[in-house]
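Undergrad: Taken in sequence, the protein lines are chains A and B.
Under numbering that gives the first Met the number 0, residues 0 to 284 are what the first sequence spells out, in order.
Under numbering that gives the first Met the number 0, residues 0 to 533 are what the second sequence spells out, in order.
Dumping the calculated BS3-like pairs for lysine-lysine here, alpha-carbon to alpha-carbon at most 25 Å:
1. A:Lys-91 <-> A:Lys-192
2. B:Lys-269 <-> A:Lys-60
3. B:Lys-417 <-> A:Lys-186
4. A:Lys-60 <-> B:Lys-294
5. A:Lys-174 <-> B:Lys-417
6. A:Lys-174 <-> B:Lys-315
7. B:Lys-417 <-> A:Lys-192
8. B:Lys-294 <-> B:Lys-282
9. A:Lys-104 <-> A:Lys-91
10. B:Lys-417 <-> B:Lys-397
11. A:Lys-192 <-> B:Lys-315
12. A:Lys-186 <-> B:Lys-255
13. B:Lys-417 <-> A:Lys-210
14. A:Lys-174 <-> B:Lys-362
15. A:Lys-91 <-> A:Lys-174
16. B:Lys-417 <-> A:Lys-152
Think of the hints as simulated: they come from the structure by calculation, not from any bench.
For clarity, every value in this text was computed on a predicted model and none was experimentally measured.
The chain contents come next:
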Amino acid sequence: MGKIHIVTDSTSDISEAIREQLGIHVVPLNVHFGDDTLKDGIGISSAEFFARLQTDVHHPKTSQPSPENFMRIYKELLQGDDEIISLHISGKMSGTVQSALLAKKEIGATRITVVDTEQTCLALGMLVTRIAKMVQNGATLNECIAFVEHVRKNMQTYFVVDSLECLQRGGRIGKAASLLGGILHIKPILMLKDGQVQAFEKVRGSSRVFKRMGELFAHFITDQKAGEIMLGFAHAQDEAMLLRLQNQVALLYTVKNAEVYEIGSVIGAHLGFGALSIAFCPAMQ
Amino acid sequence: MAILYVDGKRLLRTFRASAHWLLANEQELNDINVFPVPDGDTGTNMGATLKSIIGALENDNASLEDVATTAARAALTGARGNSGVILSQIFRGFSDGVGTQKRLRAVDIADALTQAYTKAYAAVSDPREGTILTVVRESAEAAAVQATKDDDIITMIEVLCREARRSLMRTPELLPALKEAGVVDAGGMGYVYFIEGILKLLKGEHLPNIELIRNTSNPAENKGVSGNVFYGYCNELFIHNATASLQEIRTALQDKGDSLVIAGEATLVKVHIHSRYPDQILKICLSWGIVSGIKIENMDEQHVARSVSTANTTLKESVVIAIALGDGLHDILRSLGCDYVISGGQTMNPSVENILDALQKFKARHYYILPNNGNVIAAAEQVAHMVTDISVTVIPSKNIPEGCVALLAFDPDQSPEKNVVAMTQIMASVSSGEITTAARTTVIQGISITHGDIIALADKKMVGSYDNPTAAVGALVEDMVTDESAVISLYYGADISVSDAESVQELLESRYAHFDIEMHYGGQPHYYYLVSVE
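Please build the complete structure, drawing on both the sequences and the hints.
TA: Here's what the structure looks like:
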């Protein structure tokens with residue numbers, strides 16, 4: 000039987016080191032500052048993006064990869080009996096998975112499985128790296144699909160941003176639109192649910208969100224009854240914020256293997272400064 | 000000459016006389032409220048409730064049953080404030096006692112009075128002795144005894160009034176706060192005036208003629224402030240060769256609005272901010288250099304889908320009605336998700352009818368009422384009891400801070416049961432304070448207050464009296480803040496200038512550097528500041 004190749008898109012924000020180590024292929028989305036178009040994670044790093052967000056007068060826009068981008072990589076990887084599992088950002092937030100599906104249709108190959116994971120950013124990254132490891136250990140395609148299902152059902156992703164402005168501007172504010180227009184200062188905790196951004200809770204006091212996000216994790220852990228979990232953090236070039244959240248979590252749980260993601264330019268364009276996220280999921284039995 | 004029976008005509012005259020006498024003494028009732036706050040309401044509330052009753056009793060030839068039931072029904076809908084609601088239950092109980100009888104003898108009246116106080120006690124979730132309840136009960140008990148001895152109604156009413164007065168005089172022994180303030184219970188006194196009005200009528204004494212408006216709801220006063228919340232403008236512009244650094248620009252603008260984004264370098268700075276005052280923003284930016292690419296957009300137009308119309312015929316999942324007085328507070332509550340805000344007149348005290356009217360503007364599966372005032376909760380609960388075929392849930396917010404915080408926890412997609420739990424829980428986490436002017440000279444909780452003093456109250460506890468509102472706020476916040484606190488929100492009233500509010504904000508920011516401090520325009524009368532600490 001042939002190899003299973005893992006393909007994802009750049010919203011997974013997987014670091015270069017891990018990509019190489021696990022042989023994950025990433026199709027980049029694009030970020031645009033005015034007329035300047037850059038490939039997410041290739042032409043512009045996370046640090047470079049947030050620095051430019053600060054100084055560039057153009058508000059960044061993003062766009063999905065074209066079907067051609069997918070076709071190129073699919074053709075390259077479809078050797079012999081090899082298969083491809085192509086795991087992507089929620090279709091409700093991006094047309095990326097559509098491009099992948101069109102590419103698959105063009106090629107006419109049955110050995111390409113395109114998956115709308117309903118996740119993005121760290122949750123997508125965590126999912127993809129886990130599947131890559133599973134495949135290294137000999138997992139089948141069906142086992143991978145089952146794992147995606149497990150994540151869709153059980154992954155919880157919570158995040159905060161400095162301002163809802165970017166989400167609103169980029170059109171991805173989803174059901175959290177109800178949070179707009181308030182007079183009282185509310186720090187909303189947002190979540191990814193059913194493949195889109197939703198408001199989870201309105202918190203008063205910017206310092207309280209860390210405690211609250213820690214509580215959400217604690218709640219999850221007490222329900223868990225020991226057993227492995229997946230835990231990840233993502234930040235927008237703010238180590239201090241990341242540390243604060245990690246400390247809150249550490250108060251309640253001895254963290255062994257937490258993954259840390261740097262939010263890339265595409266997700267960064269939609270979240271803006273001060274974005275901080277925690278995602279967790281029980282490991283599949 | 001004895002009176003041996005009361006029929007419809009006589010009962011009608013009785014009710015009118017009672018109402019007139021209470022209304023003539025309305026101000027005194029307001030003046031003896033324990034809390035020396037400007038909206039001490041008992042007289043106004045009982046008076047308004049009675050005006051509703053009298054307004055409904057137009058048929059001079061109505062039967063006894065009709066007079067009693069009409070009065071009870073009018074009392075129910077016109078009830079205003081705690082005392083008004085209790086009074087309406089007294090009328091209801093009395094009406095039950097009257098039943099279908101054509102005439103009442105002394106024993107029948109005594110029986111009806113017994114039913115009246117029974118209903119009144121049942122209506123209050125936490126009935127306390129030393130209030131109107133005690134006065135109604137003790138006087139009714141004495142009247143019942145008297146009625147077994149003698150058929151003469153005049154004698155019975157004399158006993159009723161005498162016992163009511165005695166009971167009233169004992170209320171300070173039952174409620175320490177009354178003793179300290181040197182007053183009797185205002186609600187009890189209102190009842191005493193009410194029944195003394197009967198005696199005056201029976202004795203042929205002159206009763207002052209109060210001009211009663213037939214239509215008791217005053218549209219101008221009771222209409223809630225409807226209309227959409229104005230979300231402000233989205234402002235964007237570029238500053239060329241700015242004479243201030245990005246940081247300086249940020250610092251200058253961060254309190255002027257929301258969603259502030261500053262980008263660029265000295266040669267070209269882009270500014271983006273949501274603010275209701277684009278003129279202020281533009282003025283400040285112009286001070287830093289030449290400006291270009293100016294975009295000012297009315298965010299209401301952008302948020303068309305969110306605009307709430309007050310007359311809505313499509314079925315909504317849930318509708319939230321709140322009570323508040325102050326245009327700024329209205330805006331804030333609306334921005335937090337309230338569909339409608341009732342102002343309830345100058346003392347923020349809507350009648351049962353006012354609340355019902357507001358509910359009827361909407362079609363929803365579930366209605367929620369946020370009274371935002373301890374004195375309005377009873378009226379709101381009366382509404383909930385009256386509308387048996389609709390789901391109406393009262394969230395018992397006692398003040399504006401509780402109301403605001405409850406709205407944060409409100410989930411329109413959740414069941415009322417779950418919402419009650421979540422909202423009640425979050426209300427327990429906020430403390431509320433007020434700065435106002437003392438309405439009278441008194442002693443309260445061991446503190447001497449002079450009429451006109453500026454006083455601070457924290458959750459109904461007297462903090463002290465001060466020379467000016469700014470000093471009062473400082474002391475109040477200090478009293479309210481605990482180790483767990485993180486957010487201090489203030490709502491400044493109609494009598495506070497913007498610059499004074501800003502000074503207070505700066506003062507608090509310097510004292511409580513690790514807190515989130517918010518100052519919002521409330522526009523409320525009577526209260527200089529409403530303070531919320533979370």
